[in-house]
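S.K.: In order, the protein sequence lines correspond to chains A and B. Numbered according to my numbering, the first sequence terminates at residue 333, and the numbering increases by one at each position without gaps. Numbered according to my numbering, the second sequence terminates at residue 277, and the numbering increases by one at each position without gaps.
Please note: incorrect hints may appear among the correct ones.
[What the hints assert, rightly or not] Facing chain A, according to a computed beta carbon distance under 8 Å, are these residues of chain B, among others:
1) P166
2) D168
3) E171
4) A172
5) L174
6) V175
7) G177
8) D178
9) S179
10) V187
11) P190
12) L191
[What the hints assert, rightly or not] Ranges between beta-carbon positions, derived for each pair:
13) A:G28 - B:S193: 41 to 47 Å
14) B:F117 - A:R65: 48 to 54 Å
15) B:L109 - A:G183: 50 to 56 Å
16) A:K114 - B:I253: 47 to 53 Å
17) A:K6 - B:P118: 57 to 63 Å
18) A:K6 - B:W110: 39 to 45 Å
19) A:E150 - B:S179: 19 to 25 Å
20) A:G38 - B:I86: 36 to 42 Å
Derived from the structure by calculation, the hints contain no laboratory data. Just so we're clear, the structure is a prediction, and the values are computed from it rather than from any experiment. The beta carbon of each residue, even a glycine, is placed where N, CA and C say it ideally should be.
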Amino acid sequence: MGIEFKNVNKEYGSTSVVDDLSLKIDDGEFIVLLGPSGCGKTTTLRMLAGLEPVTSGDILIDGKRINDVPTQHRDLAMVFQSYALYPHMTIAENIGYPLRVRKLDKAKRAERVKRVAAMLEIEPLLDRKPRQLSGGERQRVALARAIVREPRAYLMDEPLSNLDARLRVQMRGELKHLQHELGTTTIYVTHDQAEAMTLASRVAVMMKGRLQQFDTPMNIYNYPANRFVAEFVGSPSMNFIEESPLTKGIRPEHIQVLSEPHDGAIAATVYVTEQMGNETFVFLTVGSNRLIARAPADFRADEESQVWIKIAEDKIHYFDPVSGERRATDNTD
Amino acid sequence: MRRKIAQGSRYALLTVALLFSLAPAYWMLTISLKTEVDQFASPPPWFSFTPTLEHYYDAFVTRGFGEYLFTSVIVAVASTACALVIGTLAAYALARFELPWRLNRRLSLWILSTRMFPAIVTAVPLFLMMRDVQLLNTRASLIIVYTGFNLPFVVWMMRGFFADLPRDLEEAALVDGDSRLGALVRVVLPLVSPGLAATAVFCLIVSWNEFLFALVLTQTDAAMTLPVGIAGRVTQYEIKWGVMSAAATVAIIPILMFALAVQKYLVRGLSMGAVKG
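Isolated chain A, as found in the complex (with noise of 0.2 Å):
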């Protein structure tokens, strides 16, 4: 199901929260809304499913205006942060709730939940009431609550944001395997990076109400539209050099450090190491400028040592020093 956001924007009194987003969905995209708090992703997320009302611009649905439809009849699921679970249901009625509003009968409402239990492996848990469940099942039991019936789209709110980190990146790899099965169109909005480069199809990257760039999660890593986009996205984040006429951007993992001095590699001072286990992080000081680089895990200098760096000249990013914008003044373009 195609989805289509045309110049819509959304203000609060004066304040502009989305600022003239057009944006435009394929049927079975995941579509990632990623910015930092603020940004306007989740209230884009909320004017989709009708939570918010759209103050101008269209929101189209397989090409209909749906502005003006209820929440309830746009057939959209969505799963929200706090996973808004129904306390005094148990977890087979939360699941089987919006069947029961469609008015399918019991037996056949019964069978449905027990086929979505199955599949995401909470069966045993459904004769039981939300609070005596982990953070991770009732993560489980939204993501079954928004499956139960086929919609046209879902919806999700940050819905890993409340799980822990291991749980996180595996809740990650069953959501990506789900919808791959599923085939439903997804949007999906969250400020994490990690989470925005593996899931998507698509990643719309959002600051201060606006769309900054939409495109494949490699495509925005390689080419960021712009120096926000750049520093967004990738951790550690891009180096900047300000240099005239035009920023230089450098990624951390195309700064080479060497503890020997080398045909044309800059002298660098070493602020301080962070060791990953898998890699090193090494925080420099070349003149006025502070680096970060990625170096292999048994990469060893002391604090105030001198270095030697080697910079990939072809994986150099430029910007406009005043907008932003990225400049095609590199080769990889």
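Assemble the complex: chain A is given as a structure, and chain B must be docked to it using the hints.
M.R.: Quick look at chain B alone, frame taken from chain A:
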């Protein structure tokens, strides 16, 4: 040792409080069971007297207190039900919908302001209005007046309970395909049921005990409530203490039973909103 003293003093204080509040009730109960001779004996026999049910017989068989009781039940239950339905819907709207011109706040204050003047101020206008629509001496007049009287209370109580409830739950219900009203009935109301029960008890007590409007709006047995009926036994020539006490004792029972039935909710309802969780 210190804990024992603390506990001891706690029980002592509770005993004093109980004595203070229960003594009049005990006095009333004994009067209702005493013969007239015992009622006026000095010093009064606190425990040792021959109990009699003659006043109960007098009140509910000879006189029409049974009918007053029936009227009281109808009026209290109906007005509480009306106030809960209307007030809950209004409270939900005020808590959840954003109205223009900051009406949420203003309307809430207007609603509350109807309770800021003494009730007697409205007694005469209400009497005239009820006379014009020919509702004097009817149960309907009392139901209408008590509903109006309880509404501000219901709206303010329930508004607080709704406001404390996370919006996510209703929004989830809407996305799941339920209507606003469906979400209210199936998701919201079950979650605020302790608050609803507490509010209902207050409304019932207020309607049950109300005296002023019942006195002004009803003069005949057709729509006389218990408080008015009881007070009516204070006549020019005698005061029927026994009959009054018997009727008053019976009047306590329905409210007491209802409060006991919803006691579990009551404690949670009164403390809801105090702590989020």
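S.K.: Which of the numbered hints above does this structure break?
M.R.: none
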